[in-house]
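Work out the full structure: start from the sequences and follow the hints.
Residue-level listing of the chains:
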Amino acid sequence: MRVRVDYFAMLRDRAGREHETLETRAATPRELYRELAPRRDLPAQTGLRVAVNDEFQAWDWRLADGDRVVFIPPVAGG
Amino acid sequence: MRVRVDYFAMLRDRAGREHETLETRAATPRELYRELAPRRDLPAQTGLRVAVNDEFQAWDWRLADGDRVVFIPPVAGG
Amino acid sequence: MSDFRISRSEIEPAEEIAALEDAASGAVVSFCGRVRNHNEGRAVTRLEYECYEELAVSEGERVLGEAREKFGVAKVRCVHRTGDLAIGEPAVWVGVAAGHREEAFSAARFVIDEVKKRVPIWKREHYPDGPAEWINAAPAGGA
Amino acid sequence: MSDFRISRSEIEPAEEIAALEDAASGAVVSFCGRVRNHNEGRAVTRLEYECYEELAVSEGERVLGEAREKFGVAKVRCVHRTGDLAIGEPAVWVGVAAGHREEAFSAARFVIDEVKKRVPIWKREHYPDGPAEWINAAPAGGA
Numbered sequence: 011m012r013v014r015v016d017y018f019a020m021l022r023d024r025a026g027r028e029h030e031t032l033e034t035r036a037a038t039p040r041e042l043y044r045e046l047a048p049r050r051d052l053p054a055q056t057g058l059r060v061a062v063n064d065e066f067q068a069w070d071w072r073l074a075d076g077d078r079v080v081f082i083p084p085v086a087g088g
Numbered sequence: 011m012r013v014r015v016d017y018f019a020m021l022r023d024r025a026g027r028e029h030e031t032l033e034t035r036a037a038t039p040r041e042l043y044r045e046l047a048p049r050r051d052l053p054a055q056t057g058l059r060v061a062v063n064d065e066f067q068a069w070d071w072r073l074a075d076g077d078r079v080v081f082i083p084p085v086a087g088g
Numbered sequence: 314m315s316d317f318r319i320s321r322s323e324i325e326p327a328e329e330i331a332a333l334e335d336a337a338s339g340a341v342v343s344f345c346g347r348v349r350n351h352n353e354g355r356a357v358t359r360l361e362y363e364c365y366e367e368l369a370v371s372e373g374e375r376v377l378g379e380a381r382e383k384f385g386v387a388k389v390r391c392v393h394r395t396g397d398l399a400i401g402e403p404a405v406w407v408g409v410a411a412g413h414r415e416e417a418f419s420a421a422r423f424v425i426d427e428v429k430k431r432v433p434i435w436k437r438e439h440y441p442d443g444p445a446e447w448i449n450a451a452p453a454g455g456a
Numbered sequence: 314m315s316d317f318r319i320s321r322s323e324i325e326p327a328e329e330i331a332a333l334e335d336a337a338s339g340a341v342v343s344f345c346g347r348v349r350n351h352n353e354g355r356a357v358t359r360l361e362y363e364c365y366e367e368l369a370v371s372e373g374e375r376v377l378g379e380a381r382e383k384f385g386v387a388k389v390r391c392v393h394r395t396g397d398l399a400i401g402e403p404a405v406w407v408g409v410a411a412g413h414r415e416e417a418f419s420a421a422r423f424v425i426d427e428v429k430k431r432v433p434i435w436k437r438e439h440y441p442d443g444p445a446e447w448i449n450a451a452p453a454g455g456a
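In order, the protein sequence lines correspond to chains A, B, C and D.
Counting in the working numbering, the first sequence runs without a single skipped number right up to 88 at its last residue.
Counting in the working numbering, the second sequence runs without a single skipped number right up to 88 at its last residue.
Counting in the working numbering, the third sequence runs without a single skipped number right up to 456 at its last residue.
Counting in the working numbering, the fourth sequence runs without a single skipped number right up to 456 at its last residue.
Keep in mind that the hints were calculated from the coordinates and are not lab data.
Every value quoted in this text rests on a predicted model; they were computed, and no experiment measured them.
Where is the CB? At the ideal position from N, CA and C, for every residue including glycine.
One should not assume that every hint holds.
[Unchecked claim] Here are the simulated EDC-like cross-link-like pairs (lysine to aspartate or glutamate), alpha carbons at most 16 Å apart as the crow flies: (1) D/Lys-383 to D/Glu-427; (2) D/Lys-429 to D/Glu-374; (3) D/Lys-429 to C/Glu-382; (4) D/Lys-430 to D/Glu-374; (5) C/Lys-429 to C/Glu-366; (6) C/Lys-429 to D/Glu-415.
[Stated by the list, open to error] Okay, the calculated bits of chain B under chain C, using three or more residues with CB under 8 Å as the criterion: (7) 18-24; (8) 62-73; (9) 79-86.
Written as structure tokens, this is what we have:
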């Protein structure tokens, strides 16, 4: 399965890239994050949220081929 | 003693004038209002406030010669 | 210029807001009360505001001073219109600049509430179907 | 045009306010959050805002819809800035037009609180004396 991952703010700084497309066997965002964290120097998942195809989803949401996944660090607008 | 009385809003409509200067023996705004009410068709004093020389004062404030007295109907700004 | 003003000409919210500039203030809250085309179910064609200016300004300044004291805000301003107003025209404008939004909201709310309660300004509503009336101007128990 | 917008150019409160025109609304409350020259005791030279636009707009619209529903207000708009901001520049603007001030204040407060909590926008502060930092971006228990 191929997914696209986008990184914003401090996660982009950590990952050193804005996005990537990768082959994965991760079935959920949680598994995907676990797979990417060591490789991309990402922090612990606590406090993050996740969006799939531009909608917030649960960490156990079922990923599908072609999905766009965005890990969302604590927001700080305003 | 001479005092000047100014009328605003519905009191001006009732009194049919914006102000008047009069000789009075009223010692307080309360007595002055009692004196003027029948003559100027003013409503009961309840709910009104009074200002003497451009400051809110008690109804039993001591009037002095040359004072400016304004009876203040319930306000409705905004 | 005084921070509480009575204005005979139309209030310009953009100009009022500009006067609140303050690099230390992260939050600006403004309130604008405008003439509505109805009130309590009745159509309104225009409004007239009248004020006792000397006392309105001193009492208005007192309200602003209380807001500064109570909420520790950097800047507070208020301007109230008098004269004839058409539908949609601003009747009163309140602006607050403060460090954070909490106190900016609280101070703006405080100012408009107190101004409406305490500052000697009166309004008369005009209707398409009857004589104009002074609003809220019937004293309790009045004749 | 959407009532929740992301803007790459400077927010103009006067233009935003003009878009709230509504003859039935007697109360307009606006909130503007601006870049302060300090934060938690530290001097700030400028700010950078970044957003995940697709989700920011849909979540922002959701917040505005909740405000309309919850407080019954006529109009609610919000615009959030992205990119590099200098001291004093507006970062976010919220405006509400409603029948009365009670719900206008409540809705404006609700929108800014929810936007800050829920909409995917991040800010990085720049200091005269050290590297820039993402604010509030360290997840609890994070590395």
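Right, here's what the structure says about each hint:
1. For the suggested pair D/Lys-383 and D/Glu-427, the alpha carbons sit about 13 Å apart, so the restraint of at most 16 Å is met.
2. At roughly 14 Å between alpha-carbon atoms, D/Lys-429 and D/Glu-374 fall within 16 Å of each other, so this suggested pair holds.
3. Proposed proximity of D/Lys-429 and C/Glu-382 is contradicted: the alpha carbons are some 28 Å apart, above 16 Å.
4. For the proposed pair D/Lys-430 and D/Glu-374, the alpha carbon gap of about 14 Å is at most 16 Å, so the pair holds.
5. A threshold of 16 Å between alpha carbons decides the hint, and for C/Lys-429 with C/Glu-366 the separation of about 15 Å falls inside it, so the pair holds.
6. Annotation: proposed proximity of C/Lys-429 to D/Glu-415 holds, straight-line Cα distance about 13 Å (limit 16 Å).
7. With 4 residues carrying a beta carbon less than 8 Å from a beta carbon of chain C, the region 18-24 of chain B meets the three-residue requirement, and the given coverage holds.
8. Coverage of the region 62-73 of chain B by chain C holds in this model, with 3 residues showing a Cβ closer than 8 Å to a Cβ of that chain against a need of three.
9. Restraint check on the region 79-86 of chain B versus chain C: 6 residues with Cβ-Cβ distances below 8 Å, three needed, restraint holds.
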